[in-house]
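Each chain, letter by letter, is given below.
2 protein chains.
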Amino acid sequence: MADLDIDQALERRLETLDEDVGTCCEDLPRLVEDARSSSSFTEHLERYRAIADEKRLLVLAMLARSKTLCACEVQAALGVTHATVSHHMGTLRAAGLVESEKRGKWVFYRLSDDVNLPLP
Amino acid sequence: MADLDIDQALERRLETLDEDVGTCCEDLPRLVEDARSSSSFTEHLERYRAIADEKRLLVLAMLARSKTLCACEVQAALGVTHATVSHHMGTLRAAGLVESEKRGKWVFYRLSDDVNLPLP
DNA sequence: GGTATATGTAGATTTCCGTCTACATGTTGA
DNA sequence: TCAACATGTAGACGGAAATCTACATATACC
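In order, the protein sequence lines correspond to chains A and B.
Read in order, the letters of the first sequence correspond to residues 1 to 120 in my numbering.
Read in order, the letters of the second sequence correspond to residues 1001 to 1120 in my numbering.
Each hint should be verified, as a subset may be incorrect.
Some chain B residues judged to face chain A by a derived CB distance under 10 Å, without partners named [unchecked claim]: (1) T1023; (2) L1031; (3) S1038; (4) S1086; (5) R1093.
Pulled from the structure, derived: some chain A residues nowhere near chain B, Cβ distances all over 12 Å [unchecked claim]: (6) V74; (7) H82; (8) S86; (9) H87; (10) S112; (11) D113.
I should point out that these hints are in silico values taken from the structure, not numbers from a laboratory.
Built from N, CA and C at the ideal position, the CB exists for glycine as well.
Please model the complete structure; the sequences and the hints are all you need to start from.
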């Protein structure tokens, strides 16, 4: 337990659990470390944070149905300012969920190829 | 466009886009409605919101590796108070991502069977 | 029954993040 | 070149959510 920051009360609690139920918590620090140190943990978290907004999930669901959307179409769909659209799409792009392509004045967005998160 | 709340400037913008690039936006309201009215939209959003927290993602990643975790083990792993653990696990349970089982004084959590979201 | 213990709930506080306005940058056409 | 237009960036603001302390409820044991 040296790797986990727990007080004495919690330590006693874990020991009682072990005696009561026979659950061995010696692997707990390793379990935590395995889960958290995975290089994909940060990437998973970033992707989930990006998708966990109603407006952004709506855009992704629409992109799943339509090849591309222009920024102004996204704006019309979401009912927010262009600045907010830009902010949201920047978040999705940074998380690797969408890709953008500029054609003259117009910016088009599409789903990234490697999006493995289920969409409604 | 009658179903979307857009001002005249945005309407002109969409028309210019149509003339410039030949993108037909007549299907946009339907696209929005299809995406948003899906009964799974709300469920997807709730699940993504539940998973998009670092502490909660860590718990799920740990549960993916270990059959069950006791509340006190979760507390030791996260380094927060028991009340915060209870709050977080309540969120995961409400989203259908974990199930809980009480054995005497102890509460054990495990991944729900139908979790289809990739975990690190 | 009373006490100790584990965890759920409520409310206050702190932190995080969506949204806007204003400004900045890039593209187009006269 | 300049003006119009599309969209990216910065900072302020307000609401949502994580976190804590305190209280409440349930279980176990003497």
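Evaluated hints:
Annotation: B/T1023 was flagged as interfacial toward chain A, and the flag holds, the nearest CB pair being 6 Å apart, inside 10 Å. For B/L1031, the interface hint holds, since its Cβ comes within 10 Å of a Cβ in chain A; the closest pair sits about 5 Å apart. Evaluation of the B/S1038 hint against chain A yields a held restraint, the C-beta minimum of about 5 Å falling below 10 Å. The restraint placing B/S1086 at the interface with chain A is violated, with a minimum CB-CB distance near 14 Å, outside the 10 Å limit.
Residue-level restraint check for B/R1093 is violated (minimum Cβ-Cβ distance to chain A is 17 Å; threshold 10 Å). With a cut of 12 Å on Cβ distances, A/V74 falls inside the contact zone with chain B, its closest approach being about 10 Å. A Cβ of chain B approaches the Cβ of A/H82 within 12 Å, the least distance being about 9 Å, so the stated non-interface status is violated. The beta carbon of A/S86 is kept farther than 12 Å from every beta carbon of chain B, the shortest such distance being approximately 14 Å.
For A/H87, the non-interface assignment is confirmed: its Cβ lies about 17 Å from the closest Cβ of chain B, beyond the 12 Å cut-off. At roughly 15 Å from the closest C-beta of chain B, the C-beta of A/S112 stays outside 12 Å, upholding its exclusion from the interface. For A/D113, the shortest C-beta to C-beta distance to chain B comes to about 16 Å, beyond the 12 Å cut-off, and the non-interface label holds.
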